[in-house]
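Undergrad: Residue numbers (this note's numbering), protein chains in the order written: chain A, 25 to 311; chain B, 1238 to 2073.
Hints listed in this document are in silico derivations from the structure and should not be mistaken for laboratory results.
Just so it is clear, CB atoms sit at the ideal spot from N, CA and C, and this is done for glycine as well.
A hint or two may mislead.
[Claimed, not checked] Derived, one-sided and incomplete: chain B residues facing chain A with beta-carbon distance under 7 Å:
1) T1441
2) P1442
3) G1444
4) A1446
5) A1448
6) I1455
7) E1473
8) L1483
9) E1484
10) L1487
11) A1488
[What the hints assert, rightly or not] To list a few chain A residues with every Cβ distance to chain B over 12 Å, as calculated:
12) L77
13) A79
14) R118
15) A126
16) D203
17) A206
18) N216
19) A219
20) D220
21) T244
22) I258
[Claimed, not checked] Simulated crosslink set (EDC-like; lysine to aspartate or glutamate; CA at most 16 Å straight-line):
23) B/K1495 - A/E271
24) B/K1409 - A/E271
25) B/K1454 - A/E76
26) B/K1454 - A/E138
27) A/K275 - B/D1404
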Amino acid sequence: MIAHVAEASEARGRVVVRTTSARASDIAFQAAVRIAQAFRSEIESLYVEDTELIALARFPFVREVSADGRSTREVTANGTIDELRLQYSGLQRRLSRLAASAQVSIRERVVRDEPLRALTVTCADCGPWNLVVLAEPFGASSGEEIAALLDNVHDTTGLVLVGPRAKRTTGAVVLALEDIEALPGMLRAGHNLIADTEAALIIAIIASDYDTANWLDAHTRLTLPENSNVKVSILTLAHPTPAAIAEGLRKLLPGFLIARFGGLTVPAGEDLSPLAAGLECPLLLSR
Amino acid sequence: MFKWAKGSHPSKPQPTSSAKIAATSISPDSTDMRLPLSAAALRRTVDAGTLGFKTTAELEPIDGLIGQDRALRAIKFGADMKAHDFNMFVLGPPSTGKSTAVKAYLAQKLRPDIPPSDWVYVNNYEASNQPRALELPCGRAKELAQGMIKAVDELRVTLPALLEGDDYQTRKRSIEEAFRTGQEAALEGLNRRAQAQNIAVLRTPTGFAMAPMLEGKIVKPEVFMQLPDDMRRGVEAKIGVLQTELETLLAKIPKSDKERRLKLNALTDEIATTATREALDDVEAAYADLPHIQTHLTATRADMIRNVALFLGDGEEDTATVNQPADTSRDARYRRYLVNVLVGGQPTDVCETPIVEEINPTYGNLIGRIEHVAQMGNMLTDFLLVKAGALHRANRGYLLLDARKLLMSPYAWEALKRAIKARLIRIEQPTETVGMMTAQTLDPEPIALNVKVVLFGDRELYYQLAQADPDFSRLFKVQADFDDVIIRTTENDHAYARLIASIVTEHKLHAVDASGVARLIEEGARLADDREKLSIEIGRLSDIVREADYWVTVEGRDVITRADVSKAVMEAIDRASRLRDRAQESIERGIVMIDTTGEKIGQINGLAVLQLGTTSFGRASRITARVRMGQGRVTDIEREANLGGSLHSKGVMILWGFLAGRYAQDVPLALAATLVFEQSYGGVDGDSASSAELYAILSALSDTPLSQSFAVTGSVNQWGEVQAIGGVNEKIEGFFDLCSARGLDGTQGVLIPYSNVQHLMLREDVVAAVAEGKFRIHAVASIDDGLEILTGKTAGTRTGDAAFPPDTINARVEDKLRLFAQRAKAFGTIKDGAIS
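Pulled out of the complex, with its shape left as it was, chain A reads as follows (with noise of 0.2 Å):
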C-alpha cells in the first residue's frame, strides 16, 4: 500500500524512473516530477541496456527489421550498444529538462543488465521506499510484467505506470477505490499529489452491486474527516469490467488515477488493452 515515498532528506527511496527504449512516455516523465515534487524527493533515472538485445548480435542469422518493414539489415553488438548509448542521451535530456523546471534532484544509472534483475538492484540500492515509474507505456499484454514486477521488485511501495493514451498529469487525482482498507493510504498519496495545486481529490467507489457500494460509501465518508474537501463518486457498475470501469472513470478527467492491482479496475493477469484504451493519465498502482 502507498504508506510511503522516501523524501530527498531519508535518502532511503527515490522515484526510479526505468526506461530501456525510446518509447519512453513524456507523461510517464512528468509523472515522475510531479510525485517527486509532491513527496519531496529525488529522482533515479534507470536506464537499463538490454542485454539480451546486445546478445542478438551473437546469432549470426538474426537481422533487424526497420520500424516501417520497408529494411533489413545485420545486427552487431558494437551498432547496438551505440544505439542504446544515443537514445539514452535524448531520454535522459528530456527527464533532465523537467526535472530541473521543477526543481526536482536527479540522479543517473545506466546499467547493462535484463531489466527486470536491473530495477530490482536498483530498487535494493535506493530502497527501501521506492516508487517505480515504467516509462514505457503498457500494452495489452504488460500484465504478467506488472505482476512480476510487483511480486519480485520489493524494494517499491508502488509502481506508475502510463498507457498509450497517456495526455496529461494535471487534473483531479481520483482514487479508485475498491477495498477500504487501502483508502488511508490511497487519501495519504492523494493529498501528497494535490498539495500545492487546485486539483481536486476524488474517490471513485468501484462496486459491482449496490450494496457493496453503499457500504464503501459509508465507511469511506466515516474515514473522512467533517469539512473534508474529498469528493466522492460512486461508480456502480452491473458489469464491471476493466473497459467500462475505465469510461467511467475517464469521465472524471483525472490527472493521476491511483488503484490497486489485483482489482477490478486493474485485474491480475488479465487484457489490459481496455484500460490502456481508456487511461489519459498516470496510474499509481499499489500492490
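Since the structure of chain A is provided, determine the placement of chain B on it from the hints.
TA: Using the frame of chain A, we list chain B on its own:
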C-alpha cells in the same frame, strides 16, 4: 548680407477715389508740384464716430471671409466638380484665412451622393502576404471586427468542449481502436505464432528482431550454437519466414495509419463544421446583404475547420482556461481571423463626408504604412499591422494638405500623384517605389480612391510647381487665389470691424472700442501699403489685437482703445528695431555720412527699404555723381563692383537714355559719368533710386547744388517722368526719423512720385510734423518738378526745337554737354559725329 531693396514694385495702381487725397496739389496737370502735400494727404484716417458702434461687443462676428469672392467661387467650383483631376490649389499669402474658409465651405458642402465607406483589411487565406481589402457601408466595420472576436471567443470554448465531449471521443476511440486493434492484433498474432515456435520478437532501438527462445527466455547464443545443424537450420528457417511476415505487416502500417488519420480528420471536420457554423452564424446573418463579406466568412470558416488545432492549444491549459478565454485580440494564434478596421474604427469616424487635414503629410501619414514588430531579432508583420493614411480617412471626401510640407516630405508628393492618377491607394514601403532593396513584407490589396485634394501654398510655390511639374497642372486644375487686400469702402470698413469682432470673440479678448477699430482699419491700410486698400492678413491683424489686449490687461482696463492699438504697433516695431536703430545711430554719429542741411553739387539723399523678417524700415543713402568729358558712358560703380542688381542697372541705362534724348539730339554725348551709393557695401537693387541718380548727374552737369534737406525716391523713365515705387511709407519715415533726431527745421522733406500719393499711410508723428510745418513731402510727376524743388531754380522747358531758356538748369546741362562734345572733337575722339 542683406540687400538694399530699392524700388520694389508697388502693387498694381488702383484708381484713386475722388476726394481721398486732401493735398495742396492733387493733380500733376493742374497743380504746382513745388508745393508740399498737406497733412491730410499723408494718411487716410477713419472717423470713429462714423463707424456706428461703441465697441466690438455690439457687433456680430463675421461669418466667413470678406473680399474673397473670386477664391470662394473657385472653391465652390472645385468642391462641386466631380472629376478626379480637378483638385484644388488654394494659393495666397499666409494668414489670410484660406484653410478656415475652405474647411468652413466644405463643412457646408457635404456630399450625400457619395456616402463614405468603412474599409477593413482581412487575412487572405490563400496568400497571407496579400491582405484583402473589403469595403463596407459606413459604420459597419467595427461591428464586423467585434463579431469576429466574439466568434473566435466562442470557438475557443465550444470547440475544445465538443472535442472533449462524449460523442466525439467515443467516435474517435472507435476509429483508433479499429486501427490499433487491427495493428496490435496483427502484431500480437505474429508474436503468438512466433512464441508457439519458440521464437521471441524483440524491440530493438530502431526496429524489431527475432531470436530463438526456450521457456520464455532467449536462448544464449553459445548454447544455440551447440545445437545440431539441422535444428539450427530449422530455427533459422522459421525466423526467416516470420521475419518476412513481420516486414509485410509493418509495411502496411503507414497505409492504415493514413486511413485512420483521414477518418479522424473527417470526424474532426464534421464537429468543427458544426461549431464554426454556430460561431459565425451571427456575423453571417448580420452581413448577409454583402456578398463579398460572405465570401470572406466562408473562407474563414474553411480555414477554421482546417486549423482546428489552433483552438485546442495545449491540452493541459485547456482544462484550466476553457471557460475563461484570454483576450483573443492579443492571442497570436487567432490574429488570422481578426479584422483590421482601417477606416471606421475610431470614435471620431462618423458617416459624413470626411474633411481631413493632415498637418504632417509624410509618406506614411499620407498613404498608410505597414508596421512591424520585433520578435526574437526578426521584424514581423501581418495584415493587422497595416495602418491607414490620410488618403484612407479622406476617401470619398476632402483631403487638405500644406503644399510646402508635402513637397518637403520624401516620396510624399510622388505618392500622392500616383494615388490620384491611379485612383487607388496602394500601400508600399517607400523604399520599394525607388527600387531599393526591402525586406519581405506585405502587399495589401489596393483600395479604390475617390478624393478631392486641396493643397495650400503661396503663389510662388504654385507657379514653380506649374512650371516644374507637368503632372501638377493636370491634377490640380482649380486654383483658388486668395487676395491679401480688399478695396477700402465704407462697407468694407464695417466688414473689417466685424472681422475684428470675430478675432476678439475667438481669442476671448477685451472688446475694442470704435477708436481702436478705426486705428486698426488704418493699420490695415498701412499693412496693405495702400491707403485705398485693407490688408486681410488675418494673422497679422489678430497679432495686433491680441497685443493690444495684453497692454489693456496689464493696465487693468476693460476696453481696447486707439492708444492701445498704437502702442501694440509701436511696441512690435520697437522689438524688431535693433538693426534699424544701429543704422540710424551710425548716421547720427557721422559714421555714415548723410547731410540733412545745406546744398551740394552732384550729391543727393536716396532712400532704400531694408526688409528684415516681418519688419521693414527705410534708410537714407548718399548718392553722388561725377561727370567729365568722355566717350558717352555712365559708369555704375555698384554694377562694376558686382554690388548692383539687374534692375538697378536697368534704371541707370534708362536715365542715360533720358540724357541722350533730351540733351544730345544734335551732338554726340561725350559724357563720362560715375554714379555710386556712398558707404554702401551690401548690394543695391531696384530702380527706385534712378530719379535720385538722375538729379545728381544733372546737378553735376549744371553745376547747380542740390538741397541736402531732401531725400528722394522714385524711378524715372526715358521721358523724365517719375514713376511709382514700393515701400514709400517706410522710406519717408526712415528719413523723417533721421531728420527728427537731428532736429526738424521745416526745410527737410522727401520727394516721392506723384503716383505714390495714394499709397501714403504715414505714421501719426510724421503727419503731425507735416501739419506743424516741420517736415515736407512733395509729390513730383517729372524730373523737372523735382529739380526745381531740389535746386530752387527753374528747370526750363524747351519750346519746339528752340533751346532751353537761358540760365535754366536744363540749359546749363545742355551747354555742358555741348562743351564736352566740342572738347572731345578737339581731342579727336569724335570722328564723323561718332565717339571713338
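Undergrad: Run every hint past the structure and note whether it holds.
TA: Hints versus structure:
1. T1441: Given a least distance of 5 Å, the restraint on B/T1441 holds.
2. P1442: Because about 4 Å separates B/P1442 from the closest Cβ in chain A, which is inside the 7 Å limit, the hint holds.
3. G1444: Nearest chain A Cβ about 4 Å off; hint holds.
4. A1446: 5 Å, holds
5. A1448: With a minimum Cβ separation of about 6 Å from chain A (threshold 7 Å), the hint on B/A1448 holds.
6. I1455: 5 Å, holds
7. E1473: Since the shortest Cβ distance to chain A is 4 Å, the answer is holds.
8. L1483: 5 Å, holds
9. E1484: OK, holds: B/E1484 within 7 Å of chain A, min 5 Å.
10. L1487: Cβ of B/L1487 sits 3 Å from chain A, so the hint holds.
11. A1488: Check passed: Cβ of B/A1488 comes within 4 Å of chain A, closer than 7 Å.
12. L77: Per Cβ check, A/L77 is inside 12 Å of chain B; nearest 6 Å; violated.
13. A79: 6 Å, violated
14. R118: 16 Å, holds
15. A126: Holds, since 14 Å exceeds 12 Å.
16. D203: 29 Å, holds
17. A206: 28 Å, holds
18. N216: Answer for A/N216: holds, closest chain B Cβ roughly 20 Å.
19. A219: At roughly 18 Å from the nearest Cβ of chain B, A/A219 sits farther out than 12 Å, so the non-interface label holds.
20. D220: 15 Å, holds
21. T244: The claim stands: A/T244 keeps its Cβ more than 12 Å from every Cβ of chain B (closest is about 26 Å).
22. I258: 19 Å, holds
23. B/K1495 - A/E271: Violated, at roughly 27 Å.
24. B/K1409 - A/E271: 14 Å, holds
25. B/K1454 - A/E76: At roughly 9 Å apart (the allowed maximum being 16 Å), A/E76 and B/K1454 satisfy the hint.
26. B/K1454 - A/E138: 11 Å, holds
27. A/K275 - B/D1404: 12 Å, holds
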